[in-house]
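**Q** The primary structure of each chain is shown beneath.
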Amino acid sequence: MWDTKNVLTGSADNSCRLWDCETGKQLALLHTNSAVRTCGFDFSGNIIMFSTDKQMGYQCYLNFFDLRDPQQIDDNQPYLSIPCSDYKITSAVWGPLGEFVIAGHENGEINQFSAKSGEILKKAKEHTKQINDIQTSVDLTMFISASKDNTAKLFDSTSLDHIKTFKTERPVNSAAISPIMDHVVMGGGQEAMEVTTTSTRIGKFEARFFHAAYEEEFGRVKGHFGPINCVAFHPDGKSYSSGGEDGYVRIHYFDPQYFDFELEA
Amino acid sequence: QSPIGQIYSPTNEVNTYVKTFSPVSSFFPSELLDDILREKPQEADGIDSVVVVDNVPQVGPERLEKLKNVIHKIFSKFGKITTEFYPEADGMTKGYIFLEYAAPTQALEAVKNADGYKLDKQHTFRVNLFTDFDKYMNISDEWETPEKQPFKDFGNMRHWIEDSDCRDQYSVIYEAGERTAIFSNDAKEPITVEERARWTETYVRWSPKGTYLATFHQRGIALWGGEKFKQIQRFSHQGVSLIDFSPCERYVVTFSPLMDTKEDPQAIIIWDILTGQKKRGFHCESSAHWPIFKWSHDGKFFARMTQDTLSIYETPSMGLLDKKSLKISGIKDFSWSPGDNIIAFWVPEDKDIPARVTLMQMPSRQEIRVRNLFNVVDCKLHWQRNGDYLCVKVDRTPKGTQGVVTNFEIFRMREKQVPVDVVEMKESIIAFAWEPNGSKFAVLHGESPRINASFYHVKNNGKIELIKMFDKQQANSIFWSPQGQFMVLAGLRSMNGALAFVDTSDCTMMYIAEHYMASDVEWDPTGRYVVTSVSWWSHKVDNAYWLWTFQGRLLQKNNKDRFCQLLWRPRPPTLLSVDQIKMIKKDLKKYSKIFEQKDRLSQSKASKELVDKRRAMMEDYRRYRETALQIYQEQKSVRLELRGGVDTDELDSNVDDWEEETIEFFINEEIIPIGDLHHNRKTKLLARATTVYKYLILQVYLTCSLSFSPPVFVWKEERGALLLTGEGRQPRCES
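As you go down the protein sequences, you meet chains A and B in turn. Counting from 1, one number per residue, gives the positions in the first sequence under our numbering. Counting from 1001, one number per residue, gives the positions in the second sequence under our numbering.
No lab work stands behind these hints, which were simulated from the structure alone. A hint or two may mislead.
These stretches of chain A come out as covered by chain B in the derived footprint (C-beta under 8 Å, 3 or more residues) [said to hold, decoys possible]: (1) 23-29; (2) 58-70; (3) 86-99; (4) 121-135.
Interface residues of chain A toward chain B, partial, derived using beta-carbon atoms under 8 Å [unchecked claim]: (5) Trp-2; (6) Asp-20; (7) Asp-156; (8) Ile-163; (9) Pro-235; (10) Asp-260; (11) Glu-262; (12) Leu-263; (13) Ala-265.
Note that the structure is a prediction, hence the values are computed from the model and not measured. Each residue gets a CB set at the ideal place from its N, CA and C atoms; glycine is no exception.
Same shape as in the complex, but just chain B (with noise of 0.2 Å):
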C-alpha cells in the first residue's frame, strides 16, 4: 500500500486515483512548465505555490467552463491565482486539478482553508501542496520494522495505595520552589517518602488518578512515579507553563506560549502517556482560561471553543467529531457533565431571540434540554461533581430596573426530560459550591462585612429548600469534603485566615478557628483530613501548613522554610463494588474497635517515646545544674571579697536589707446618715509591708472608732495564701 494513498479518505475517486498515480515528471506537460518558466523568478520556488486539489467532479468539456468559474470563485478567496490546470483523460477531467498561486503564503491558506470543503454530497475537496508530494515520495517502499523498545518496568505504579495503615501523600514545595517533598500523612507527624532539590522549575500536579506526579522545566515536563518515583516519561515543549491531564490518565495536553508557529501549530500539544507520542498540535491565541481543551469524563472526547464554535475532538484518532465543528454564534462558555457525555453551553441575547443554556448529548448532538433566559448579563456553570445535577447561575438586569439580581437555575439531570426549578437570591453572589456527591449546595452572599452562608437542598419531590442560613460570616470560600457532608468556610487572605468547619447533615458549626493568613485550604481525598496553608508565594513570613481533622481539631503545625504549595495525592477510584461497600459499612463497628485500638497503642507508645525522651532531658539538664552549682558554692568566699563581705547569694540573705513600709489603699467611701450627725466612714486599709515582701499585713483603719483594728488579714505574699485573720482566726478560704 502506497503512503500517499493514506492522505486520502477512502473513496472511488481515490481508489481510482491512485491507481492513475505516475511519477512526477508525467505532472508536467509541457504548456504548463513553459508557463511556470515564463514567470520572472521568485525568492520562493513557484512549486511551493502550487496546491493539488482532489475530488473534483469529473466533467466533459460542456460543463468545464462552469467548473473552472466555480473552482476559481471558491480558491480564489485565498490569492491570486495565476495559473490552473485541469489534467484530462478520455475527454473528462481527471478529478484533481492544480493550482498555482502568486505567493506560497497563498497556497498554505487555500490548503488550510478549503481542505476537506464539501462541494456538494459526493465531492468533499482534499487540498494539498504540490510540495508534499515530493516528500512523500521520497519515503523508501521498504517497510522497516521499527525497533523494539525494551520494557522499561517501573514497578507497581500504584504502590502508595498498599499502604498498611491507609496513609495518603500530599507533595510539598519549599525553599521558595528548591526543594519538593513526599510526605506520607499521619496523624502524629509527617513522614517523609522521598525529598529532592530542583525537582521541578517552578510548580508540581498530580495526574487525575494520582498515578504520575508531573514536573516543569524549562525543555518540557517530566512525568515520575512507582514506588520510588522514577521518571516515568518525559514531553519535550520548550516553555511549557501549563498542563492538565485527560481523566482516564491516557492523555496529556501541554501549552507553550513559545512554540507557535503557522506551519507547524505547537502552542498546545497533546501527547499519549504510555507510548510518549505527541498525537496533535494545536494552536492557540491566548491562554487566559486554561485549560482550553475540556475532557469528556470518560477521555472519549475534548472540545474546545473559539469564536462562534465549539470544536470537539475524539480520541483515539484526535479527529474533529464528525469531521466539522459545530456553528454556534456567540457561544460564550461551555462545559461537560462530570458523569456523562452531555455539554452545556450558554449563547447570549441576539436581537429578539433570547439567551438560552443548551444541554447537548454527544456523540449524536442531541440536544436534550435547552432553556431560555431573559435580560441576561452573564451565565457560569456550576457541575456537581457526578453530573447529577447542573446549576447555571445567571445573572439579570430585570426589566425596568437599573440593578443586577442573581438566579440559580438547577437542572435535575437525572429526572425525565430535565425539569428546571429556579433559585432567586437577593444579594450578591461571593461563592457557590455543590456538595461533591449529594444534592446539597452552599452559597456565600452579601457584601463585606455582612457574608451570609446558605445551605440548600435539592429535594425530590421538586422543591429546594432553604436549610439554613448563618449571618455575619468571616468567608470568601467554600470548601466540601470529597466525600460531601462536611465543610470548611474559609476566609483566606485578606480575610485573615478565618475557619469555619461546618457539619451540613443538621448544619452545625463544628468549630471555629483561625489560621492567620492562610491562602490555601486542601481536603485529602478521604475527607477526613483539611490541610490549612500559608504559602510563600502569597505571604512572606509564617510559611507552614496545618493539619486539621474534618471536625477542626488542631492535629499538626508544620513550618518549613518558605513553604509554597502542598497538594494532596489524589486516589484512583474505589475497586469495590456498591454491595461490597455496604458490607463494610454494616459491620464498621467491628473495624473501628480494631483501628481505635491500633491508634491507641500507637498514640501510647508515642507519648511514651516523649515521657521517655525528657526524662533524659531532664536527667542530663540536672546534673549540669548540680556539678554548676557546686563549683558557685565553692567560690562563695570570692563573691563575698569582692563585695566587701556582703552576701547577696540571695534575695533575703543580708538582714540589713529588711525596711518596713507603710502603704494606704483607699477602698471605699461610705456615707451613712447617723441622726444628726453625718459621718463619712471611710474605711482605709493600711498595709504594712517589708522589703523582702515576704508578708502583707493588711488592717482595717476604722475611722468612726478611730482606731485601727486588730490585723485582719496577713497573707502570705508568695502564694497569696491567707494565714490568719484578726484575733488569730486561721482563715477559710485563699484569694
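With the rest of the complex left out, here is chain A (with noise of 0.2 Å):
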C-alpha cells in the first residue's frame, strides 16, 4: 500500500492476505479455490485485486475487493470476480488512477480489464509467449513486460500503445523501468530443463541494462550463479537488486559512471 501501512501478499496456498507491515499482524484472509497468482493495491490503497490460477478443475479468476467495505472481507465476497476462460493470467499490474487492472496471460497477451464493470477496455498481443513479469514505471504511464520469447516489451499504461522491443536470446523472467533514467534493467534465465548443461558457469547469470530510447544494451552485471527470477529498482534509482534461483538477493548500487553515461547521440 502507498503509506506503507499495509501488505498483500498472494500465496499457492490458495489464499490472499493482507497484513500490517509495522507489527506484522495479519488483518484479513480471504481463502480461495486455487493459487493466488498476483495481487496488488490500487492507487488510492481502498482497492485490491488477485488473481487465481487454472487449477484442479477451477478456472482462472481476477477478483476485485474494496477494503472500505468490511462485509466484502468477512464473507469472502469480491464486488467483481471477472473469469479467464483461455489463457490463465501469469502477471497483473494496476493502471495509474486504479480505473484497470493490466494483466499479462499465460499466451502473451495483455489486457486491460475495468476494475469497475469488468470488461475488456483494450487488448494487445505483441508478445509470442508466457508474460511472466509486468512492472510500472515510477509514475504509472508505462509498463515494461517480461516475456519467455526472449523479449522485454514498454507499454503506454492508456492506451496499450507498445513504444519499445529489448532482445536477448534467454527468456526474460523479470523487467524494471529506472525511476530516474531512460534505462531499464532486464533479468532472466533458460528453460528448466537446460539449467544443468550450464550451470557450471558460477556467476555468469546477468542482469542486462538496455537504453529505453535506443533498444541497444550497454551494461551487464554478472554474480547470479542461476537464472534471475526478479529484479527492481530502488525508488531513487541509486540501486537496483535482484532474486535468483540461487537463492540469493543481491543489491547493486550504481558507480558515479552509470549516471554519467551515454551512447553517442
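Take the two lone chains, each set in its own frame, and fit them into one complex as the hints suggest.
**A** See the structure below:
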C-alpha cells in the first residue's frame, strides 16, 4: 500500500492475506479455490485485486475487493470477479488511477480489465509466449512486460500502445524501469531442463541493462549463478536488486559512471 | 568395330579371336548341348553358371592334359566344375575354353577373381560370364550418334571472387538444419547473398576450390554454383551420407551404406562432375575412415587401402595403375604428399623385421626413402601443406619400460635423400599441427590441467629448434591461419571455449579470450578473420558464431536461432605469379593507404547511420514522454483526491516525511599509552541522516575530549560530493 501501512500477499496455499506492516499482524484472510498468482493495491489503496490460477478444475479469476466495505472481506465476496477462460493470468498491475488492471496472460496477450465493470477495455498481442512479469514506471504512465519469448516490451499504460522492444537470446523472467534514467533492467535464464548444462558456469547469470530509447544493451552485471527471477530498481534509482534461482538476493549500488554514461547520439 | 572387341586387351590372340568369332549356335557342339540337357534343371538356367576363359595357351594334343590340369587347379578354387569344353581347330586348342560350374555364384566368383590372372608372360586370362555375350551381342550394329545436349550456361562460376571489396563467402546452416544461407563477410556485419529453406537435408560441403556447394538429399547430392547458386549437377545415390571431392574438382566421390550388391558394387561411386557420368562403383566394408579413397594432389591418382593391399587407380580411366594392386603385408595407414605424387605408408613390426615408414614415388613405385622404427605401438602421418615436410608421430614402448613415449620423425622432403630428424617428446601428445606454408609446427602436450603448447622450427641447418613453450594452457586444439604465422589455440567443448591468439613470428600471446562452449573454430581463406561458434549440434543454448580478427579483436557476435554449422568458401589458387606477388608486397604501403581510407569512410558512414538512427529514436521517445507527462500533470488533482490530499508524486514531496536518525559506525580502536593512563581512544563516527537521504553529516566523537567535534564532513548523498569540512572549510577532494 502506498503509505507502507499494509502489505498484501498471495500464495499457492490458496489464500490472499492482508497484513499490518509494522506489527506483522494478519488483518484479513481470503480463501481461494486455487493458487493466487498475482495481487496488488490500487492507487488509492482502497481496492485490492488478485488473480487465481487455472487449477484442479477451477478457472482463472481476477477478483476485486473494496477494503472500505468490511462485509466483502468477512463474506469472502469480491464485488467483482472476472473469469478468464482461455489463458490464465500470469502477472498483473493496476493502472495509473485505479480504473483498470493490466494483466499479462500465459499466451503473451495483455488485457486491460475495468475495475468497475470487468469488461476488457483494451487488448495487446505483441508477445508470442507467456508473460512472466509486468512492472510499471514510477509514475505509472508506462509498464514493461517480460516474456518467455526472449524479449521485454515497453507499453503505454492507458493506450496499451507498444512503444519499445528489448531483445535477448534467453527467456526474460523479470524487467523494471529506472525511476530517474532512460534505462531498463532485465533478468532471465533458460528453460529449467537446460539449467544443468550451464550450471558449471559460476557467477555467469547476468542482469542486463538496456537504453530505453535506443533499445540497445549497454551493460551487464554478473554474479548470480542461477537464473534471475526478479529485478527491481530502488525508488530513488541509485541502486537495484535482483533475486535468483540460486537463493540469493543481490543489491547493487551504481557507480557515478553509470549516471554519466551516454550512448553516442 | 564390334563392341565385343572392347572387352579384351589388344593382343594378337585377341585379334585372331575376334576374327573367328561366330554366332552363338556354333558355341554349342551337340556333345556339350547333350551334357547340359542331361543335368537336372536347376533353379537358375544352367547358362548362368558358364564362364568363358580367353587367352588360354593354344596347345597340341600332347600338352592338352597338362593344360587341363593347370586350368582345373586354378578354376576349381571358385567352385565345382561340372563341365569343361576346349574347342579345337587344326589339332590345336583355339585359345578359349568354356567351364560350367555347379552354381551361378561360383561362376561369378571365377569372373571376379580369375579375370586378369597372369598365367605367364604371354597369357593373361580374361574371364567372362557366358550370359554377358548375349547381352553384348544384342547391341545394335548401327552406331547412333548420341543426341547433342544443349549447353547449359551457368554464368561465371568464379563470380564471388570478383567482389569489389574482396569479401569471402561462408555458408551457415541454422534453425536446426531447416535454413541454409550464404553470407558475404564484411567486418561491420554479414551481407546475405542467398538464403533458402530446406536447401540441404543434413549438411553442406564446399568443393576444394570453392566452385561448388554440395547439398545432401535422400536421393543423392546436388551441386550448386555461379552467381545465383543455380543447380549445376545432380548425382543420384540413394541414401548418400558422405562425399569427397578430387582436389582438381573434376570428380566427386559419394558413399551410401545402402547401395551395395555383389554384382554391382555401388557403395562408393566416383562421378565426373562436368558430365554427370558415373565413372566407377566400388564396394565398401566400412566408412569409418572416410575418405576411403585418397586423392593425389593433382587428381591424377586415387588410392585406397584394404587388408594387406594398397590399390592405386589412375584417372581418367579409373583403372588400377599397372593393372594390379600393391601387396603390402600389414599396411596400417597411408597418405599422399599434398605437394607431389608420393605416398607415405607404414607397416608394423613383423617377427624380426622392424616397423617401417616408406615413401614411394608414383607412378614409378620407386621407394625413395625407408625408415626403420623400433618397438612401435602406433604411427600417425602428418604432412605439411606444401609437402615440404612429413612428420611421423611414433608412439613407442622402449625396451625395458612399460610406458609409451612419443617421437616425431621429421622427414625433410626437399633435401637430397630425405634426411630424417627426431624430436623426442616427454609427455603425451594432445594435438599436432604444421604451419601450412612454413617450417614450424605446434604441439599440445601434457595432461589436463597441465597442458603445454610448444612451438618448433625446422631449420635448414639440420636442427629442429624449440622456439617457445607456454605452460598451463586451456587448449585441446590447434588452428593455424591458412597463410601461416598466426594461430589460435582453443579449448573446445569441455574446456569451455578458451581461446589464445598467438603470433608465432616471435611467439607472443596477442590476446586471450573466451567464447563460452565454443565447438568449432574456422579461419577464412585469407587468414584475416577467424570464426568461433557454438553449434546447436553440440550445445542447445547460446547458438551463435563470433567473428574475430587474426589478432583476437572481436568484431561481431551473430546469434542465429539453432545455429549448426559455418563453413568458409575456399578460394581457387591465385593467378598471380611469384614475381607479381613480390611486386605487390613491395608496394603494400601504397595499397594500404587506399584501403585504410576506404575503411575509414565506411566506418564513419556506419557510425553516422547509427548516430542518426539513435537521434531519431530519442526524438520519438521524448515526444511520447512529453505527451504522457502532460496527461500525468493534468491528472494530479485526481491523484491527490485518491490519496486523501497527500502528495506522493515525488520522493520528497511530503515534508512531513522527513525524519532524523542517528546511526553509529564503529571505525577503529587505538590503544595509546599516555603515561600511567591507558585510555582507549575510540573514535566513533556518528552520522546524522534524513529519511530523504539528501545529506549525510558525519561527526567524529572524540572520547578524549568527550565531546563532539565540530562537523567534520558533509556529503551530498546523491553524488558523494564532499561539500564542506568542519569549521566551514571547503573540501579539496571528493570520494
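**Q** Each hint: holds or not?
**A** Hints, one by one, checked against the model:
1. 23-29: violated (count 0)
2. 58-70: violated (count 0)
3. 86-99: With 3 residues in contact (Cβ-Cβ under 8 Å with chain B), the coverage given for the region 86-99 of chain A holds.
4. 121-135: violated (count 0)
5. Trp-2: 6 Å, holds
6. Asp-20: 19 Å, violated
7. Asp-156: 7 Å, holds
8. Ile-163: 6 Å, holds
9. Pro-235: Because about 6 Å separates A/Pro-235 from the closest Cβ in chain B, which is inside the 8 Å limit, the hint holds.
10. Asp-260: 10 Å, violated
11. Glu-262: 10 Å, violated
12. Leu-263: 7 Å, holds
13. Ala-265: 4 Å, holds
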